[in-house]
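Engineer: Based on the sequences and whatever the hints tell you, model everything.
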Amino acid sequence: MKKTETDKAYLNWIYRNIGMGSRRTFERLKSLADPEQLYRLALQGRLADGFDRKFPHKNAACREKLRHMEETARQSDVIGEYEQMLARGIRFAVLGEEEYPRKLAQTADAPGALYYAGRLPDPDKKTVAVIGSRSCTEYGKAMAREFAQALAQADMQVVSGMARGIDGLAQQAALEAHGYSMGVLGCGVDVCYPPENRPLYEALIASGGVCSEYPPGTGPRAVLFPPRNRIISGLCDSVLVIEAKERSGTLITVDMALEQGREVYVVPGRITDPLSRGCNELIRQGAVPALSPKELTGADVPGRRTAQAADDMRGRILGLLDYQPQTVEDIKQKYDAAYGTISVSGLYYELVQLCAEGTAVQTGGRYGKKG
Amino acid sequence: MYSTITSGTIYGIRSRLIQVEVDISQGLPGFQIVGLPGSEVREARERVKVALKNVGVALPAVCINVNLSPADIPKSGTMFDLPVAVGILTALSRLPAESVKDTLFVGELGLSGEVKPVKGVLPVVREAFLKGIKRCILPQDNAWEGQLVTDMESIGVADLQAAVRLLTGAEVRPARTERQETFPENDDNDGSAEDFADISGQESLKRAAEVAAAGFHNLLLVGAPGSGKTMLARRLPAILPPLSAEESLEVSSIYSISGLLQSSGRLKTKRPFLDPHHTITGRALVGGGRIPAPGVISLAHRGVLFLDELPEFKRETLDILRQPLEDRQVRIARSSGTYVYPADFMLVGAMNPCPCGYYPDMSRCRCTPHEIRRYLRRISGPILDRIDVCVEVRPVEFADMTGQPGKESSAQIRERVMRARTVQAERFARTGIHFNADMRAADVGRYCALGSREQAFLEKLFASMKLSARGYHRILKVARTIADLAGADRITEEHLAEAVCYRNMEVFNV
Numbered sequence: 020m021k022k023t024e025t026d027k028a029y030l031n032w033i034y035r036n037i038g039m040g041s042r043r044t045f046e047r048l049k050s051l052a053d054p055e056q057l058y059r060l061a062l063q064g065r066l067a068d069g070f071d072r073k074f075p076h077k078n079a080a081c082r083e084k085l086r087h088m089e090e091t092a093r094q095s096d097v098i099g100e101y102e103q104m105l106a107r108g109i110r111f112a113v114l115g116e117e118e119y120p121r122k123l124a125q126t127a128d129a130p131g132a133l134y135y136a137g138r139l140p141d142p143d144k145k146t147v148a149v150i151g152s153r154s155c156t157e158y159g160k161a162m163a164r165e166f167a168q169a170l171a172q173a174d175m176q177v178v179s180g181m182a183r184g185i186d187g188l189a190q191q192a193a194l195e196a197h198g199y200s201m202g203v204l205g206c207g208v209d210v211c212y213p214p215e216n217r218p219l220y221e222a223l224i225a226s227g228g229v230c231s232e233y234p235p236g237t238g239p240r241a242v243l244f245p246p247r248n249r250i251i252s253g254l255c256d257s258v259l260v261i262e263a264k265e266r267s268g269t270l271i272t273v274d275m276a277l278e279q280g281r282e283v284y285v286v287p288g289r290i291t292d293p294l295s296r297g298c299n300e301l302i303r304q305g306a307v308p309a310l311s312p313k314e315l316t317g318a319d320v321p322g323r324r325t326a327q328a329a330d331d332m333r334g335r336i337l338g339l340l341d342y343q344p345q346t347v348e349d350i351k352q353k354y355d356a357a358y359g360t361i362s363v364s365g366l367y368y369e370l371v372q373l374c375a376e377g378t379a380v381q382t383g384g385r386y387g388k389k390g
Numbered sequence: 002m003y004s005t006i007t008s009g010t011i012y013g014i015r016s017r018l019i020q021v022e023v024d025i026s027q028g029l030p031g032f033q034i035v036g037l038p039g040s041e042v043r044e045a046r047e048r049v050k051v052a053l054k055n056v057g058v059a060l061p062a063v064c065i066n067v068n069l070s071p072a073d074i075p076k077s078g079t080m081f082d083l084p085v086a087v088g089i090l091t092a093l094s095r096l097p098a099e100s101v102k103d104t105l106f107v108g109e110l111g112l113s114g115e116v117k118p119v120k121g122v123l124p125v126v127r128e129a130f131l132k133g134i135k136r137c138i139l140p141q142d143n144a145w146e147g148q149l150v151t152d153m154e155s156i157g158v159a160d161l162q163a164a165v166r167l168l169t170g171a172e173v174r175p176a177r178t179e180r181q182e183t184f185p186e187n188d189d190n191d192g193s194a195e196d197f198a199d200i201s202g203q204e205s206l207k208r209a210a211e212v213a214a215a216g217f218h219n220l221l222l223v224g225a226p227g228s229g230k231t232m233l234a235r236r237l238p239a240i241l242p243p244l245s246a247e248e249s250l251e252v253s254s255i256y257s258i259s260g261l262l263q264s265s266g267r268l269k270t271k272r273p274f275l276d277p278h279h280t281i282t283g284r285a286l287v288g289g290g291r292i293p294a295p296g297v298i299s300l301a302h303r304g305v306l307f308l309d310e311l312p313e314f315k316r317e318t319l320d321i322l323r324q325p326l327e328d329r330q331v332r333i334a335r336s337s338g339t340y341v342y343p344a345d346f347m348l349v350g351a352m353n354p355c356p357c358g359y360y361p362d363m364s365r366c367r368c369t370p371h372e373i374r375r376y377l378r379r380i381s382g383p384i385l386d387r388i389d390v391c392v393e394v395r396p397v398e399f400a401d402m403t404g405q406p407g408k409e410s411s412a413q414i415r416e417r418v419m420r421a422r423t424v425q426a427e428r429f430a431r432t433g434i435h436f437n438a439d440m441r442a443a444d445v446g447r448y449c450a451l452g453s454r455e456q457a458f459l460e461k462l463f464a465s466m467k468l469s470a471r472g473y474h475r476i477l478k479v480a481r482t483i484a485d486l487a488g489a490d491r492i493t494e495e496h497l498a499e500a501v502c503y504r505n506m507e508v509f510n511v
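Going down the list, the protein sequences come from chains A and B. In this text, residue positions in the first sequence follow the working numbering: the first is 20, and each later residue adds one. In this text, residue positions in the second sequence follow the working numbering: the first is 2, and each later residue adds one.
Just so you know, not all the hints are guaranteed correct.
Cross-link-like lysine-lysine pairs, in silico, BS3-like; alpha carbons within 27 Å at most [to be verified]:
hint, chain 1, residue 1, chain 2, residue 2
1, B, Lys50, B, Lys132
2, B, Lys271, B, Lys408
3, A, Lys49, A, Lys144
4, B, Lys207, A, Lys353
5, A, Lys389, B, Lys461
6, B, Lys408, B, Lys461
7, A, Lys84, A, Lys122
8, B, Lys207, B, Lys50
9, A, Lys353, B, Lys408
10, A, Lys144, A, Lys313
11, A, Lys389, B, Lys54
12, A, Lys122, A, Lys145
Here chain A is said to cover these stretches of chain B; the calculated rule only asks that three of the stretch's residues, wherever they fall, bring their Cβ under 8 Å from a Cβ of chain A [to be verified]:
hint, region
13, 28 to 35
14, 360 to 373
In short, the hints are calculated from the structure, not lab data. This structure is a prediction, so every number in the text was calculated from the model and none was measured. For every residue, glycine included, the Cβ atom is placed at its ideal position computed from N, Cα and C.
Structural biologist: What follows is the structure in structure tokens.
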């Protein structure tokens with residue numbers, strides 16, 4: 020069934036007023052009559068009564084909303100508002116139509132409609148959700164970049180929540196590798212949250228997409244974020260967890276993914292790292308450990324830099340660095356113990372050189388290996 | 002009869018000589034003090050009257066008028082008691098007019114006639130000496146302060162009678178025995194045995210302290226609680242060069258005005274170290290009051306101002322430091338005039354990297370990025386812009402505690418610092434700049450010129466390490482200091498690399 024734009028304008032009006040949060044009412048209303056007819060019923064003040072006759076159950080809140088729609092129908096410029104939204108590059112996909120993401124539509128709890136900007140993922144391509152902690156370690160950052168890049172190169176699509184940390188980094192890397200990425204937001208698609216991810220947000224709209232079940236203009240509120248996780252996993256074939264604490268929002272997404280029958284891959288970490296505890300626990304429960312992007316792509320990817328570092332001072336220092344950034348003091352102590360005393364200024368010089376080369380990275384006053 | 006006595010008052014940090022003019026005439030009996038006296042000066046009337054009575058001078062029923070000239074300067078403090086009393090005695094011809102000529106009188110009177118110590122003696126005596134006065138009569142407890150001014154005959158008196166006996170020639174004044182003829186030796190070893198050798202390990206931290214001390218750069222220590230930030234900061238004065246004779250008088254004057262010199266009983270030779278608690282108000286920091294008293298930053302003049310737990314300070318309080326950090330002095334405007342206090346201090350800040358203290362160790366840090374950002378945002382950019390050297394301190398581990406104590410003592414480090422300072426003194430001779438940290442943008446271009454290779458190296462670093470242009474001059478200034486420490490004429494790649502590591506913006510880019 021191909022919905023006409025006029026129908027969709029009315030559906031948008033209904034969805035905004037009632038559909039969000041009550042998918043069943045939305046579906047029932049859709050089954051009641053044509054969207055435009057529903058609007059006319061509302062204008063005549065017969066919408067709530069008609070609904071009650073067809074679905075005789077006592078739902079006061081629902082009735083209240085329908086009454087409200089009847090009252091406000093006269094003042095709403097349904098078509099004009101919809102056209103304005105389209106003009107701003109925001110599109111509207113209703114469950115049941117062709118445009119609506121196929122994989123998501125097959126899940127039990129799919130949202131009644133989606134707003135999106137940019138493109139929706141190609142249903143014929145493999146799609147992976149790359150998710151993880153907002154406060155991640157250098158290791159997590161490195162892995163997010165490595166996996167997302169490999170996925171993009173294998174022509175797979177990366178979906179995530181555009182959050183700080185793993186989510187945003189993975190999407191960034193996918194876009195940089197000329198792949199497709201979709202950001203699922205917990206606010207309206209015209210709102211950029213977190214604000215520091217604005218460059219990513221704009222890049223996503225330009226060469227990927229952002230979507231949300233919430234109408235444009237919805238601000239970021241804590242309660243809105245957990246439900247969007249089901250959309251992240253719903254859009255995908257499989258889910259890749261990079262870093263997660265023992266109790267983390269990431270694990271909510273994993274639960275939803277399992278309910279939706281998605282495959283869960285997990286990047287293992289050190290058992291001592293709090294940020295790997297969630298991941299390792301998932302592996303114990305039966306998730307697939309992702310030891311390399313190959314597990315997901317099936318294709319060989321260029322190997323990680325494991326080339327033996329040169330045995331000069333710089334090479335030795337590089338050998339002492341870890342993904343976890345360390346203070347200069349720590350590095351110096353390790354170097355002194357292994358190779359004999361190095362001066363602080365000499366160490367600074369080598370570290371800066373490594374940073375300039377791009378093999379090391381500075382975080383505050385600490386230095387770590389770059390992924 | 003009429004008499005004039007020389008005294009002085011403190012006006013901000015400066016002292017002014019004041020002529021105490023006393024006139025005694027027949028008429029309705031009375032006692033007035035005019036010439037913009039503050040309330041404590043006005044009260045001198047009662048103290049003088051009673052003190053004179055108690056030493057056996059009954060005031061006749063006459064009209065006494067005292068004028069403090071110049072009359073347009075506000076006068077405060079209790080320094081005028083003794084000069085007013087002496088002036089009355091002279092006007093009553095109890096004292097020969099000759100005996101009070103070219104003599105500075107300063108002192109507070111008790112009701113019994115005893116002469117009590119006052120604040121700010123040193124700067125007043127210095128001022129008098131510069132104006133050609135060769136003798137001063139001071140409270141016994143302050144006499145040593147006067148003696149610090151070479152070639153000034155400074156006599157301490159315990160009570161009013163002693164002053165009278167002295168001036169009438171009834172008593173030969175005691176020989177000056179305690180006079181400090183020469184500038185005292187450095188008193189660093191006055192019991193506070195704080196030495197850099199106490200700090201085991203922490204080489205990078207000590208190195209940063211050395212660089213900061215050599216160029217008088219402001220320093221920021223970032224690290225978890227218990228990583229030795231405070232321990233290091235307390236030892237900083239020990240590696241700074243000792244105060245020169247001139248600086249010592251300058252610092253001692255400020256302490257004298259604040260009434261803090263008496264307790265030590267000697268000239269300040271050690272660089273001041275001030276560590277106000279973070280609940281300090283802006284007024285206490287820069288100085289306040291109707292006639293402002295020097296604030297903590299002025300007491301830290303030529304020394305170290307240590308602000309522990311920097312983000313805990315109120316943001317407004319910290320922002321007050323912006324102007325003093327730039328101008329090296331603080332101006333306080335009052336209706337009675339603008340007061341300028343010196344405030345050339347080295348700012349040393351210490352802070353945790355995040356509320357829990359473990360960032361960026363994400364496996365231990367429990368703070369959300371938002372919390373960290375909010376915590377760091379308490380320090381405004383303009384303050385950060387004035388901090389040249391930033392170093393991250395690692396928490397002390399057990400091995401550090403049991404390991405070898407540090408190899409170098411403060412004296413050894415200080416030697417290197419002083420060499421670097423000599424280089425700077427030669428370079429900046431007659432430019433008004435003292436240290437590398439004082440260089441302005443134009444000076445950086447002149448004194449921190451880079452070779453083409455170094456320029457290319459720095460450009461590469463800027464591109465690959467995403468350095469901000471704001472820090473460019475700071476990096477060059479610190480590189481200059483590092484080169485000075487190494488005794489190098491030209492700044493090399495190594496100096497630049499180290500300077501880049503000391504920049505602070507990275508820490509705050511969460």
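Engineer: Compare the structure with each hint and give your call.
Structural biologist: Hints and how they fare:
no. : hint                   : in the structure
1   : B:Lys50 with B:Lys132  : 31 Å, violated
2   : B:Lys271 with B:Lys408 : 23 Å, holds
3   : A:Lys49 with A:Lys144  : 31 Å, violated
4   : B:Lys207 with A:Lys353 : 18 Å, holds
5   : A:Lys389 with B:Lys461 : 18 Å, holds
6   : B:Lys408 with B:Lys461 : 36 Å, violated
7   : A:Lys84 with A:Lys122  : 31 Å, violated
8   : B:Lys207 with B:Lys50  : 61 Å, violated
9   : A:Lys353 with B:Lys408 : 18 Å, holds
10  : A:Lys144 with A:Lys313 : 17 Å, holds
11  : A:Lys389 with B:Lys54  : 86 Å, violated
12  : A:Lys122 with A:Lys145 : 11 Å, holds
13  : 28 to 35               : violated (count 0)
14  : 360 to 373             : holds (count 10)
Of the hints listed earlier, those the structure fails to meet are numbers 1, 3, 6, 7, 8, 11, 13, in rising order.
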